[in-house]
Amino acid sequence: MMTLQEIKKSLFTSLWFMFLTFPIMVIKVNTIEKTIEWRWERMAAVGLGAFVLSFVWRYLIQRKEAGKKRAEVGSEDNVPLIPRLMSDRRFYMPGLMATIVMVVAFPFVFSLYQTNVMITALIYVVVGLGLNIVVGLAGLLDLGYVAFYAVGAYSYALLNVHYGVTFWMALPIGAALAFLFGILLGFPVLRLRGDYLAIVTLGFGEIIRLVLENWNEFSFGPSGIANIPKPGLFGLDLSLQQSTTFIYFLMIGLALMTIFVVRRLQDSRIGRAWIALREDEVACQAMGIDKTRTKLSAFALGATWAGMGGVVFAAKTTFINPTSFTIWESIIILCVVVLGGMGSILGVIVGALILILLPEYLRAFSEFRMLIFGVILVMMMVFRPGGIISDVRRTYKFEGLGNKAENRGE
Amino acid sequence: MDYFLELFLGGLTRGSIYALIALGYTMVYGIIELINFAHGEIYMIGAFTGLIVISVLTLLGWNTVAVIVIAALVAMIYSAAYGYTIEKIAYKPLRGSQRLSALISAIGMSLFLQNYVLLAQTSNFLPYPNLIPEFTFVKPIEHIVRSTEIVIYIATALVMVGLTVLIKFTRMGKAMRAVAQDRDMAMLVGVDVNRVISFTFIIGSSIAALGGVLVASHIGQVNYYVGFIAGIKAFVAAVLGGIGSMPGAVLGSLVLGWTESFFTGYISSDYEDVFAFIFLVLILIFRPAGILGRSQTDKV
Amino acid sequence: MKAVLEVSQLTMDFGGLRALDHIDLEVREGEIVALIGPNGAGKTTFFNCITGIYTPTDGNMQLMPAQGAPVRLNGLKPNKVTENGMARTFQNIRLFQNMTVLENVMIGRHCRLHSGIPGAVFRPPANRREEKQIVEDSYRMLEKIGLTGYVNEFAKNLPYGAQRRLEIARALATEPFILLLDEPAAGMNAQETKELDDLIVRIRDQEQVSILLIEHDMKLVMSLSDRIYVVDYGKRIAEGNPEAIKNDPAVIKAYLGEEIDA
Amino acid sequence: MKKPIGRFIVLLVALAMAGLMLYGCPQQEEKKAETAAPAASAPMAAEPIKLGVAGAHSGDLASYGIPSVRAAQLVVKQRNAMNGISGRQIEVLVEDDVCKPEVATNTATKLVTDKADVVVGHICSGATKAALGIYKESGIIAMSPSATNPALTQSGDYPNFYRTIASDDAQARLQVDFALDKLGLTKLAVLHDKGDYGKGLAEFAKGFLEADSRAEVVLYEGITPGAVDYSAVVQKVKRSNAEAVIFGGYHPEASKIVQQMRKKGMETIFISDDGVKDVTFIKVAGEYAEGVYATGPVDTSKNPIAVEAIEAHKKEFGEDPGAFYLNAYAATQALLNAIEKSGSTEFDVLKKTLQSEWVATPLGIIKFDERGDAIGVGFAVYQVQGGMFATIEM
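Chains as they are written, first to last, in this note's numbering: chain Y, 894 to 1303; chain G, 203 to 502; chain H, 2 to 263; chain U, 66 to 459.
Everything labelled a hint here was simulated from the structure, so no lab data went into it.
Each hint should be verified, as a subset may be incorrect.
[What the hints assert, rightly or not] Facing chain U, according to a computed beta carbon distance under 10 Å, are these residues of chain Y, among others: (1) SER903; (2) PHE905; (3) LEU908; (4) TRP933; (5) ARG935; (6) GLU1106.
[Stated by the list, open to error] Taking lysine to aspartate or glutamate pairs in the EDC-like style, the calculated list, with each CA pair at most 20 Å apart, reads: (7) LYS247(U) <-> GLU458(U); (8) LYS133(H) <-> ASP1160(Y); (9) LYS81(H) <-> ASP1160(Y); (10) LYS921(Y) <-> GLU458(U).
[Claimed, not checked] Simulated restraints on C-beta separations: (11) PRO987(Y) <-> LYS133(H): 57 to 67 Å; (12) LYS294(G) <-> GLY152(U): 52 to 62 Å; (13) TYR161(H) <-> ALA959(Y): 49 to 59 Å.
No residue lacks a Cβ here, since even glycine has one placed at the ideal position from N, Cα and C.
Construct all of the structure, not just a fragment, from the sequences and the given hints.
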């Protein structure tokens, strides 16, 4: 296993990292006091750590390469585990039952905090599924998706402040406004390609945030809007615990609806057109698909979900200000989609759960939280570049004429 | 007229700073089509390394121009090493996967590096000594432009000339262009693609480090987060100029710098960034591949 | 016979370069017409112009469907051209790689159907019927082209010849009355070319489609075509039946140095 | 292919479950324990007092949140070394909110679930507002070292909120009065950093100036924080002929602007706020800081507690403390003092104690009014003189 060569290699790696981290890890200067602190023990730690980790790294890379080769040779049981399990009724039914029980029992079994975090994760499931339409299906890289989220959140908050609009009325209004914004913003930019589109959408996201920040008369500026009412339930007076549980189930409902709609869209004429557009724009047009309309529909529909997510977001936090809608937010949502596995609904759900729950559970590491989060992002991508649930786009499977064309499920 | 000139020079300063970062962005993008989100962090690490070197040398009793030169050189070497290592760890294993995966990896790297410096050094802002000498010839126009700014202009110009020479006239430059155009083809004709990519990261990172040291000297402070904002702006500048094109990156940066400066000067800095982004959108609507980018039509 | 496609004085400039120089061309009902010429003569540019991918500098292009008024193609977007009944394939295969063979053909049906977002979400009976119909129609199309064996494969996993045929199937699914084939035989072996020859004739006869093709394989061109147009340096240098073209001095001159495989 | 994925998923599920167990179960057990023995609800001597510290500990605003954590840790360490509060040790629960409202609600529920008795935080006004409702529901008092939004204490919506910093309007009033009465200025530029702290302050300053006939606001602008160069704004100030700049924001931007102004030979007076009245500002801006005015709590440099607090920080962390360190130090002391004096962590008792008991802090000897603002933190104007903040007599 451990040949001399490998040890040599690891030694070199370890030396390299000791060199690399030398100034920042070892020397701590205090330019104010004009003192230097030398922390040599750290160098030893880095060296030792790098030495050990380089073995792990090599092992993992080798394993990944081996896996790739096996896949190239093309064994039949290439279908990933989860879809395979799901297609087997023996596993599927009990699994489904267990999931349902777990989901229903969650807010009663776990603490307020757990429920609260789960609500956040569910909001990201909904919003992530929306972005999945844009990025995963239609292949349009949108780095300013958070703009529509902001539109939803602010439309509820502002309508509530000025006109006393309730949550239930704001939900469709927020969605509609986001849809409208999607069309409005999409129209001029959708002829741009790839990364140019990405940067322009990033620009739009920032524009919306900056306007919210600067235009006090409209949006109350950086001090935000407080005391946004939580969603009402027939005028009942709910305690914090109860209203959290209520929002939880509301989000479960919304998430299920989103999954339902996105699934149906994906398997429809429109959904196929989105995927085709992602695959090859020129050929797509030559097949009679209206590029602009198709792109716009993906963009606006994606925005709609962000709008809805935004309304729930405002209701859940009861306070909003522009700091919740920075580019980092767009990036996190994008990570949800890519990490989970682009284009896959299950993937987005898993991605959202991981990305939102992970930093929360990493709280135990307190100040190392975001450091570890960064490392995990890199590692996940390096070792599973296709996302966690990859290659399971459902495809039309033909099973004979006259029969219903059945789909191979996710 | 004085006011105009002042805004013009202010814009030039901003533009030159963006350019030093944008060049690295655009080079990396040109070669592997990756938005290297961690590039801003490389710039920040460069600034920090420079600060550490300056402090150590100052404490040893040095106090000459040599200090800043050595600091800049060490910062460039270290940033290059970081760039090289990051590419090997976070991007190389992802070659051939979807481009978005590499983007997420870059974002993860960016988060990691920010927090690495935050934890290993400090969350506080640190003062950055300005060791760039005051040139006597600047004295009469000191209220308009400072020596540091002049050094930034000169550095940017030199870097640009140097890069142009490198790309146009050296073997490595030729190889870089070949890889940028068609990686597989370049590999077939015997270009060592891995080496070219590493080299690109090294050059891009060391330019960013130079920028880091100069900018930090100019604004007099540094913390772990300075890279992110500057990085985003520089990326916008690179796209504005036409990503992948080096003269484009410089031109885009200058245009962005002037846009911001004049907008602030004549209208309002409240909406400075809003305007910068709207300007970007407008330019891209009329020139979908940026100012100097060649619009690529699909070969059908 | 009635013309279905009429192109007159088509000119296309790229910067200072004139890629097409006042080209006239006509395809009549039920005809197989070939467009040939040396590499870089402007054949694919011609296709790109009439299908709306490029906007020509000058000239007139018109489609004449069996029923209804003629449609002027100038300024139409590619998808509109296809909607109006002219479909095409590509020289460098442009399939939707990560979709199955069946799905590729289903995309071709897109422009003939109309179910929108509400239909997709609520799936009313009409929509279900339409979806079922798409699958069946697409499968039938695969039967005609002989690709049923691959129906659930990803397009990228198909052998080369099958990919070319899938492009034809996909184009046919848009229900064109004129089909443009850009080097359909490129990269095929003799056996496959022979099959393609049969397939094209069969398509013409069964589907009542006129065909305009670009091809380098002269044997195929000569055996298939009713008429042939020859272009060189963007100019039309000859037109006529295979026999006439074979003996045309201008054509021989253009191809001098190039092998004429006939 | 199959095995690694399988293992991966299993690992993932296991991790998720482990996480849930870790966080869910202890709490469950506690609940059970409570129901089994009601007597346990009375504080036992061994049970530690839990002090939550919430604020931005990562991300772009970490430099304003981390000093609070350190302040709380140092105070608690000192207390615990002296046998805690009547024999009960104090435990610090540090939770990050990145200064974002949505994260703050998670942070707050986490602290509630972890049974925090009192909370020092949050740092940003927005995050504080989002979190307060959750604390209120659970009867937890939160004391912020840095949330200055006036509505927090003036609206009456947040009875459980206290702070050891002046609200925006109070500080702005002081700045304006100083500028007009003491300095006799007539033309002022008001700048801010577009954040909820800086812009809130600047809005008030502008309002007060406009209401006063003696002076005029010749320029009102938001600068972009983190920009690499501020020369355009500086030139604009120069062109506006303003005699002074009132700046709302934090010290990094303040020092950049001051440096650029001074380097361009401008002598414009610079007046700023508590976010700038920080040793780091002087150290960073160096010679250019000379003459800058900043408002802040009275008397900190001569206050022995403040001196001691700063020394303790230097000893422990090897650097000067960051922004709002003293405010957080005072907040922690005030909270712990109230717990000690009242012998309880009950909401009403604690509230009463906070409002009645004076406590010696680095900011002076303070107690709180019924709205939650500190009484006894005299606010004063300082000027940087010879590398120190020197009090200016009004």
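Going down the list of hints, with the structure as the test:
no. : hint                                : result
1   : SER903                              : violated, 23 Å
2   : PHE905                              : violated, 28 Å
3   : LEU908                              : violated, 28 Å
4   : TRP933                              : violated, 15 Å
5   : ARG935                              : violated, 14 Å
6   : GLU1106                             : holds, 5 Å
7   : LYS247(U) <-> GLU458(U)             : holds, 9 Å
8   : LYS133(H) <-> ASP1160(Y)            : holds, 12 Å
9   : LYS81(H) <-> ASP1160(Y)             : violated, 24 Å
10  : LYS921(Y) <-> GLU458(U)             : violated, 40 Å
11  : PRO987(Y) <-> LYS133(H): 57 to 67 Å : violated, 32 Å
12  : LYS294(G) <-> GLY152(U): 52 to 62 Å : holds, 59 Å
13  : TYR161(H) <-> ALA959(Y): 49 to 59 Å : violated, 30 Å
Hint check: violations occur at hints 1, 2, 3, 4, 5, 9, 10, 11 and 13; the rest are consistent with the structure.
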